[in-house]
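K.L.:
Order-wise, the sequence lines are chains D and Y.
Sequence positions in the first sequence follow the numbering used here and run 1 to 173.
Sequence positions in the second sequence follow the numbering used here and run 1 to 194.
Just so you know, these hints were derived from the structure itself, not from any lab.
Incorrect hints may have been included.
[What the hints assert, rightly or not] Some chain D residues well away from chain Y (every beta-carbon gap over 10 Å; in silico):
#1 S68
#2 P73
#3 V74
#4 G79
[Unchecked claim] Partner residues are not named here, just some residues of chain Y that face chain D (Cβ under 7 Å, in silico):
#5 T4
#6 W7
#7 F17
#8 E57
#9 G122
#10 V126
#11 L144
[As the list claims (entries may be wrong)] Partner residues are not named here, just some residues of chain D that face chain Y (Cβ under 10 Å, in silico):
#12 A16
#13 C18
#14 T31
#15 V49
#16 R59
#17 A72
#18 V78
#19 D104
#20 A120
#21 F137
#22 F160
Each residue gets a CB set at the ideal place from its N, CA and C atoms; glycine is no exception.
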Amino acid sequence: MNLSSLVIPVLLAAVAACGLGRRVDVYAALTHGAEEGLSVLLRIIPALVGLLTAVSMFRASGAMEWLSGLCAPVLDAVGLPAAVTPLMLIRPVSGNGALAVATDLMSAYGPDSYVGRVAAVMLGSTETTFYTIAVYFGSAGIYRTRHTVPAALVADVTGFLASAFAVRLFFGP
Amino acid sequence: MAMTWVWSGMVILSLLFGICTGNLDAVAGAAMEGAGSAIELSLSMAGVLCLWSGVMEVMNACGLSDQLARAFRPLLRRLLPQASRDRETLSAVSANVSANLLGLGNAATPLGIRAARRMAEGCDGVASDELCTLVVLNTASIQLIPATVATVRAAAGCQTPFDILPAVWLSSILSVSAGLLAAHALSAVGRWRR
Chain D
1 MNLSSLVIPV
11 LLAAVAACGL
21 GRRVDVYAAL
31 THGAEEGLSV
41 LLRIIPALVG
51 LLTAVSMFRA
61 SGAMEWLSGL
71 CAPVLDAVGL
81 PAAVTPLMLI
91 RPVSGNGALA
101 VATDLMSAYG
111 PDSYVGRVAA
121 VMLGSTETTF
131 YTIAVYFGSA
141 GIYRTRHTVP
151 AALVADVTGF
161 LASAFAVRLF
171 FGP
Chain Y
1 MAMTWVWSGM
11 VILSLLFGIC
21 TGNLDAVAGA
31 AMEGAGSAIE
41 LSLSMAGVLC
51 LWSGVMEVMN
61 ACGLSDQLAR
71 AFRPLLRRLL
81 PQASRDRETL
91 SAVSANVSAN
101 LLGLGNAATP
111 LGIRAARRMA
121 EGCDGVASDE
131 LCTLVVLNTA
141 SIQLIPATVA
151 TVRAAAGCQT
161 PFDILPAVWL
171 SSILSVSAGL
181 LAAHALSAVG
191 RWRR
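Between the sequences and the hints, there should be enough to build the whole structure, so can you do that?
P.N.:
Next comes the structure, spelled out in structure tokens:
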């Protein structure tokens, strides 16, 4: 038995038990949350349709390969697979765009391939930096953001490098 | 607007590359296929995504986010000493961090904004060091269970979609630390220049 196949059933049972212990209406909370999940999904479908169309065209035309090849010498030097170039470019700008590119990478290379895993870890460990900065400073009425953008980009680049490092560490090259 | 440029650029480049490489048939097919696969992906993600949202909601109702918020308060007091003097700001920031940890993006953003607004009072539109730190903290993802990523992996045919968890945690910790250190160093450089 695989240890990670324990995660899901144990987590579900633990959450249910914890809810029962605290006299939470577990089922009502579950369905209410699921409803929210559905509305999130409804909101991202239009973006996914637009973006997956563009990403598929981009790959089929050979432009994706050209772009990856362009960055390959630099990325090879730091241990990143060149195939994830488009993901790193779109990640700070659009969350749905990154989701579309990562999905495309996982289906093209396989979810358990090196590229597929690095794409998944990148997606999970970084955020839509520019969107977040715009939302926070926009609503707080800040127009001089000082060192926020460079510091946030340092975090992104570190996250990209660390994703490849962590995948090699836990899964081997 | 940024996405308008990205999307248009990708489509126009695809057409140009398709013409140059003679792959135009494949490009045309890919456009139709891509649109279709978006719906396929959404449908195959829908069930698991709803389930996780439900589980997160139950965790929330159990008071897990309050406990997480309490656990992170000492750390946040050190990270944002001035803002932490205001009790309401501190509670908004710690709730923001715990919502981020649980992957409740919809809940995290309004809480973070509430904190940012209070911290921006009397700043005259110039971000303070601590406000920069708060925003950097939010631009670096810190998620205990990256449910969406796992769902996409499962949809792509992965048998053990959660086996990347340790890698995601390690990468997140490194990226958040680098962001906070960079914010600290850059603000020191800014002061020294003045």
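K.L.:
So, for every hint listed, does it hold in this structure?
P.N.:
How the hints compare with the structure:
no.: 1; hint: S68; result: holds, 13 Å
no.: 2; hint: P73; result: holds, 21 Å
no.: 3; hint: V74; result: holds, 19 Å
no.: 4; hint: G79; result: holds, 13 Å
no.: 5; hint: T4; result: violated, 11 Å
no.: 6; hint: W7; result: holds, 5 Å
no.: 7; hint: F17; result: holds, 4 Å
no.: 8; hint: E57; result: holds, 3 Å
no.: 9; hint: G122; result: violated, 11 Å
no.: 10; hint: V126; result: holds, 4 Å
no.: 11; hint: L144; result: violated, 11 Å
no.: 12; hint: A16; result: holds, 7 Å
no.: 13; hint: C18; result: holds, 5 Å
no.: 14; hint: T31; result: holds, 7 Å
no.: 15; hint: V49; result: holds, 4 Å
no.: 16; hint: R59; result: holds, 7 Å
no.: 17; hint: A72; result: violated, 17 Å
no.: 18; hint: V78; result: violated, 14 Å
no.: 19; hint: D104; result: holds, 8 Å
no.: 20; hint: A120; result: holds, 5 Å
no.: 21; hint: F137; result: holds, 7 Å
no.: 22; hint: F160; result: holds, 8 Å
When the structure is compared with the earlier hints, violations turn up for hints 5, 9, 11, 17, 18 and for no others.
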